[in-house]
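Trainee: Since each chain comes alone in its own frame, lean on the hints to assemble the complex.
Each protein sequence line maps, in turn, to chains A and B.
Going by numbering that gives the first Met the number 0, the first residue of the first sequence is number 0, and it counts up by one from there.
Going by numbering that gives the first Met the number 0, the first residue of the second sequence is number 0, and it counts up by one from there.
It is worth saying that the hints were derived from the structure and are not from the lab.
You may find that some hints are simply not true.
[Said to hold, decoys possible] PhoX-like, lysine-lysine: derived pairs with alpha carbons at most 20 Å apart:
1. B:Lys5 to A:Lys194
2. B:Lys4 to A:Lys194
3. A:Lys365 to A:Lys83
4. A:Lys249 to A:Lys7
5. A:Lys280 to A:Lys333
6. A:Lys263 to A:Lys249
[As the list claims (entries may be wrong)] Sample of chain A residues lacking proximity to chain B, with all beta carbon distances greater than 10 Å (derived):
7. Lys1
8. Pro16
9. Tyr36
10. Ala37
11. Tyr88
12. Ile164
13. Asn302
14. Asp325
15. Glu360
Note that beta-carbon positions come from the ideal geometry of N, C-alpha and C, so glycine has one too.
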Amino acid sequence: MKYVKGLKCRECAREYPVEPIYVCEFCFGPLEAVYDYAKIKKALSRRTIERRPKTLWRYKELLPIDGEPQVGLNSGYTPLVEAKNLARYLGVKELYIKDDTVAHPTLSFKDRVVAVALTKAKEFGFDTAACASTGNLAHAVSAHGAKAGFKRFIFIPATLEQSKIVASIVYEPNLVAVDGNYDDVNRLCSEIANKYRWAFVNINIRPFYAEGSKTIGFEIVEQLGWKAPDSIVVPCASGSLLTKVWKALKEFKELGILKELETKIYGAQATGCSPISTAFKQGTDVIRPVKPNTIAKSLAIGNPADGFYALQAVKESGGAMEDVSDDEIVEAIKLLSKTEGIFAETAGGVTLACYIKLLKEGKIDKKDCTVLCITGNGLKTAEVLNGKTAEVYHIKPNLASFEEALKRINDKGR
Amino acid sequence: MGEIKKLRVRLTFPQELIKEPVLFRMAKKYDVMPNIRRARVTDTFGEMILELEGLEENLQQGIDSLRQQGVVVELIEGDIIE
Chain A
0 MKYVKGLKCR
10 ECAREYPVEP
20 IYVCEFCFGP
30 LEAVYDYAKI
40 KKALSRRTIE
50 RRPKTLWRYK
60 ELLPIDGEPQ
70 VGLNSGYTPL
80 VEAKNLARYL
90 GVKELYIKDD
100 TVAHPTLSFK
110 DRVVAVALTK
120 AKEFGFDTAA
130 CASTGNLAHA
140 VSAHGAKAGF
150 KRFIFIPATL
160 EQSKIVASIV
170 YEPNLVAVDG
180 NYDDVNRLCS
190 EIANKYRWAF
200 VNINIRPFYA
210 EGSKTIGFEI
220 VEQLGWKAPD
230 SIVVPCASGS
240 LLTKVWKALK
250 EFKELGILKE
260 LETKIYGAQA
270 TGCSPISTAF
280 KQGTDVIRPV
290 KPNTIAKSLA
300 IGNPADGFYA
310 LQAVKESGGA
320 MEDVSDDEIV
330 EAIKLLSKTE
340 GIFAETAGGV
350 TLACYIKLLK
360 EGKIDKKDCT
370 VLCITGNGLK
380 TAEVLNGKTA
390 EVYHIKPNLA
400 SFEEALKRIN
410 DKGR
Chain B
0 MGEIKKLRVR
10 LTFPQELIKE
20 PVLFRMAKKY
30 DVMPNIRRAR
40 VTDTFGEMIL
50 ELEGLEENLQ
60 QGIDSLRQQG
70 VVVELIEGDI
80 IE
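Chain B on its own, in the form it takes in the complex (with noise of 0.2 Å):
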């Protein structure tokens, strides 16, 4: 068994998926729990700031879900500085 882990990201929703209950699926599917702290949608963007808490191959599993769906997933932390 792997480490529990949490990941702090930052989900951008594009237009075509903001009616769909992807995080649940996921979340549900790789037994990944999402505790969101912050959310914005417009009727063509959807962002959610959220804490994502897992075994760490699931919480790969489900960001990589995401990513397959269409989602950017992205840390908190921001980018690498050039």
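Bound conformation, chain A alone (with noise of 0.2 Å):
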């Protein structure tokens, strides 16, 4: 059953049909499917969502999917934790964290917007699956490929460090190190997605690929007992996620299935990498691009291509933006982790210091219902607390010494 009437044009409206392609031939914009919502309302509901399996896929019909899922059967559907002891130490009423830091395969939010991209992508007849990436999303392709039988390509920059590769190359895609800086790497990709026929998800995918973060949107509305919360943090890069949770809870709504939407969406990024942000506290819709420089490398897209939709996202919903330093970002990934016992990566760092802010700030009210959405694990970012962690108790292998620290730990009330 098809519920995909084609592809958009955000810029310049114009139509076109369900093909891979991503941008607007005339205008250059960038395309984004189109649905039929009234097939959809015939044939989605409360009811039928409650029956399927707890993965993305119960939300199908909202997916830019022809067929049946193929793809990433095992992955989305995590789990939504009510953040007590958290909420305790910020004094705020009702707290969740959106926790894709134990997405399947992967552990992280790509694994969704990947399982799309590659259903996608098997019913357009391609076998060969693309990205340049050098983290969440190269792990994600590497994996979801293998599982799903394609040809794999994965571009990075030589100059990546190995630490980063291991958890591409263990699934043997083939990883392309090109010599030459980030921009190079894009070109390249560009110019290889126009000659060879493959799927590339972040590029001749995208408009597919994109839809699939839909998918925490849809979740957090249902896990919270069919209700939107009062405010949703959300980390942005390229600002896609931010849009596609807005998109998720207005489709919702549409339909029927949420009857009411007064969520405001809060958009967090790390100052070292905040165009977005700073055009929103400049008051301006232009995006200006920046050199990124920031822990938060998830994150860290100087020239974000969905800067301005995200923008518009958190206006209409009535949020805010905010960035935070580095040391913020670090001390919150610790602050979630000995409350709530979740180890986010860096942009796990970024939302919740946001979120502190736009509390102190009065912008988030401390009686909300909010939901923190904590994109990936924080075991692919460790090195980043590297001496910043807590003290670890050296001892000689006798009770004596064993005491003499436990008494520091209890001196310490620990």
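Mentor: Below is the structure:
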């Protein structure tokens, strides 16, 4: 059953058929999937969703595929954790963590988008999946692509550290290290995407890939008992995730699945790469590109493709943007770990630290029901905590030495 | 002779360059053909989405010269995603 009517340019509204294309031929604006909501309304209800397996595919009518799901059959439906300890610490009433640190199979929300992208790639008849990525996206394409039987090409700058390569190369994709900087790799990839008939998930499959992010929004609503929270804090790199979470809420409202929608969307960035937050604070809708300089590498996109649309979503919902320093990011990672037992990557630190800042500024109410989108696992960026964690107690292998340490521990009240 | 190539780029002009014919000069000097698709100019900022067509080495030199003058040149395809 088809529910996607076609693709549409977000700038000039020109329409295109469902094909592996990603920019408007006329204005070079980005293309987006357009759905037949009247038809979806007849097929999808709370009850139909509730009867389905607990994966992201339980919302399949609202995802841009024509047939049945083929990739990532265990992805999505991550826990929505009520963060009571953290809420008490911060003095807020109701706080939840949308916990994609445990996303299947590669521990970040990219497992969602790649599941959708590669299912669509199968429908288009591609046998090769590719991406330009140095982290989470590379891991997700490598793993999902292995399971789904794709030939895989992952492009990285040759200067990338060995530690970042392992989590991709273990799935044995063709990992291509390009002599050059990020710009050079990008340019090469767009040329390759034009010449070879491959599914580049973040280039020619992008309109389909991006839709996978909506499932975070759908799940939040369902897991809260079919209601939308007062506020959601979303980390921003390209800005795509934020726009899609907002789109998800609006789609549920349009379909009548959600009765009320008064949610405010807040965007979180690292100060060292905050083009969207800067534009918001300056009151302009022009996103000025920046050179990233932050430990939050998974958010370090200096020229965010969806920055303008993310800004629109934030404003439309009545939310705000905020950004935080690298030190605040590290402190927030540690706070989330020690209060909720959730170890997030740097992007998660950005989200929590921005939430704390927004609370202090009074932009998010302490009485709000708030959801923080924690999008990736801390084990992926553990090196940022080197020398910044709590003390390790080294002792001799005897009781006296242990009791000496225990005294120090007790003195600290731990 | 190199190959004729097309590049889709986004140019961001700082305030001090908005009034300058930066693109025209570059196009003329390096024999690059610009085909503008979208543009937006405010009092503090200029942005242009366009296609550049020319010999590969000329395109590179033209883009380098824009960057040297302070124009931010980005491919439409966007960034590598971490």
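Trainee: Taking the numbered hints from earlier one at a time, note which ones the structure violates and give those numbers from smallest to largest.
Mentor: 5 and 13
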